[in-house]
Amino acid sequence: MKTMKNKVFQLMAVSIFSGAAYAQSPDECCGSESHSELERAREIARQISGDIASRIYDRVTGNTLMTASLAQNPMAASADSGAYMPDGVWGTTSWTEISDDAGFAHNSSDMYKLTAGVDKRFGDFIVGLTTSYAYTETEFGSGASQGDVHTVDVTPYAAFILNENIFFAAHTSYAYTRTEPDFNFGNADFDTDEYKTEVTINGVKAIDNWFVKGRAGGRYRHTDIDLDSGSGFPFDNDQDEWTYLVDTEVGYVFSRGYRVYGGALYEYVETEDGEDDGVLYMSAGFDYSVSKDFALGIKYRTDVNNEDFNLHTVSLNMNLAL
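Here the sequence shown is numbered in this note's numbering, starting from 604 and rising by one per residue.
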């Protein structure tokens with residue numbers, strides 16, 4: 604009886620924490636379905652994708668576009684292909700608020716993420732590796748108290764520079780997530796394995812002190828939720844998702860290394876089981892190049908037309924050339 608009760612708690616936890624579909628629908632288990640966990644996982648993938656794209660832009664054009672002309676960038680030259688040690692390190696830290704007013708639980712999440720990466724340029728190729736940790740605390744407005752989510756992600760990435768204005772980029776990643784709900788009616792932890800692959804074509808153009816950046820591509824995400832806690836009732840869920848994205852950014856480079864920019868990101872998501880959806884995100888940021896080898900920046904992003912969530916992200920970034 605106790606093991607069956609634990610299994611019911613787990614199914615209820617997934618219906619509240621996870622937006623992924625599974626064998627028995629969340630509606631059958633607990634009424635309405637909340638997509639907070641799904642949106643949290645998408646946001647982590649979105650942030651890592653954006654972080655890597657920004658980093659590769661900086662490597663292709665020079666550290667944070669310190670000079671307006673690509674031809675004048677000191678870092679646009681090829682690195683020594685005979686050396687295999689990384690020639691650049693970078694990192695970002697971010698805070699994200701995700702509020703779900705559409706679901707029955709009316710939950711609100713605060714997510715704190717830290718990403719660190721290293722990379723190396725070999726002629727027209729750039730290869731790198733990032734690792735991320737995200738901690739999410741969720742509070743519920745009805746029928747539950749709170750829950751903690753821990754995610755560790757490892758992502759290798761690569762880019763091929765076609766010319767000074769166009770490059771192709773790709774990355775693949777594995778993420779492990781431990782979800783620890785703490786409900787008034789009991790606890791029901793579960794694990795999630797996630798695999799992602801993304802491929803994009805990217806462009807950048809500088810005209811005097813103005814610059815324009817853009818990318819388009821797709822992301823595949825596979826998740827596997829494991830609810831087997833030794834109760835004798837193993838319950839695995841596989842879910843596939845495809846995301847098509849278009850991202851653009853326009854900015855201006857001031858003297859002494861100051862740069863301001865605004866951007867728009869549109870993502871259209873197709874899910875294996877569930878509704879397809881398209882969301883527009885707007886962003887604004889400011890970067891400062893302390894030197895030709897070191898730069899700092901801050902960025903804010905929010906959603907425009909997400910009917911289920913309100914999302915706000917503030918991130919800080921750092922780039923260092925070795």
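Everything labelled a hint here was simulated from the structure, so no lab data went into it.
One or more hints might be untrue.
Here are the computed lysine-lysine pairs in the BS3-like style, where the Cα-Cα straight-line distance is at most 27 Å [unchecked claim]: (1) K723 <-> K808; (2) K895 <-> K723; (3) K808 <-> K895.
Here are the in silico distance ranges between beta carbons for each label pair [as the list claims (entries may be wrong)]: (4) E875 <-> E910: 18 to 26 Å; (5) A867 <-> W845: 49 to 57 Å; (6) K808 <-> L732: 41 to 49 Å; (7) Y871 <-> V757: 44 to 52 Å; (8) P759 <-> E910: 30 to 38 Å; (9) H753 <-> I804: 40 to 48 Å; (10) W698 <-> D843: 44 to 52 Å; (11) D841 <-> V907: 29 to 37 Å; (12) D794 <-> G865: 34 to 42 Å; (13) H915 <-> D876: 35 to 43 Å; (14) L883 <-> A719: 24 to 32 Å; (15) Y891 <-> L732: 24 to 32 Å; (16) E783 <-> H915: 20 to 28 Å; (17) I901 <-> D829: 35 to 43 Å.
Every residue gets a Cβ at the ideal spot worked out from N, C-alpha and C, and that includes glycine.
To see whether the hints hold, each was checked on the structure:
1. K723 <-> K808: 23 Å, holds
2. K895 <-> K723: Between K895 and K723 the Cα gap is close to 17 Å, so the pair holds against 27 Å.
3. K808 <-> K895: OK: K808 and K895 at ~20 Å, within 27 Å.
4. E875 <-> E910: 18 to 26 Å: The hinted range 18 to 26 Å holds for E875 and E910, with Cβ atoms some 21 Å apart.
5. A867 <-> W845: 49 to 57 Å: Roughly 21 Å apart at Cβ, these two residues miss the hinted range, so it is violated.
6. K808 <-> L732: 41 to 49 Å: 29 Å, violated
7. Y871 <-> V757: 44 to 52 Å: Violated, at about 27 Å.
8. P759 <-> E910: 30 to 38 Å: 35 Å, holds
9. H753 <-> I804: 40 to 48 Å: 34 Å, violated
10. W698 <-> D843: 44 to 52 Å: The hinted range 44 to 52 Å is violated for W698 and D843, with Cβ atoms some 30 Å apart.
11. D841 <-> V907: 29 to 37 Å: The hint (29 to 37 Å, Cβ to Cβ) holds, given that D841 and V907 are roughly 32 Å apart.
12. D794 <-> G865: 34 to 42 Å: 39 Å, holds
13. H915 <-> D876: 35 to 43 Å: Distance hint for H915, D876 is violated at roughly 29 Å.
14. L883 <-> A719: 24 to 32 Å: 29 Å, holds
15. Y891 <-> L732: 24 to 32 Å: Given a distance of about 26 Å, which is inside 24 to 32 Å, the answer is holds.
16. E783 <-> H915: 20 to 28 Å: Check passed, 24 Å falls within 20 to 28 Å.
17. I901 <-> D829: 35 to 43 Å: Cβ of I901 to Cβ of D829: about 38 Å, so the range 35 to 43 Å holds.
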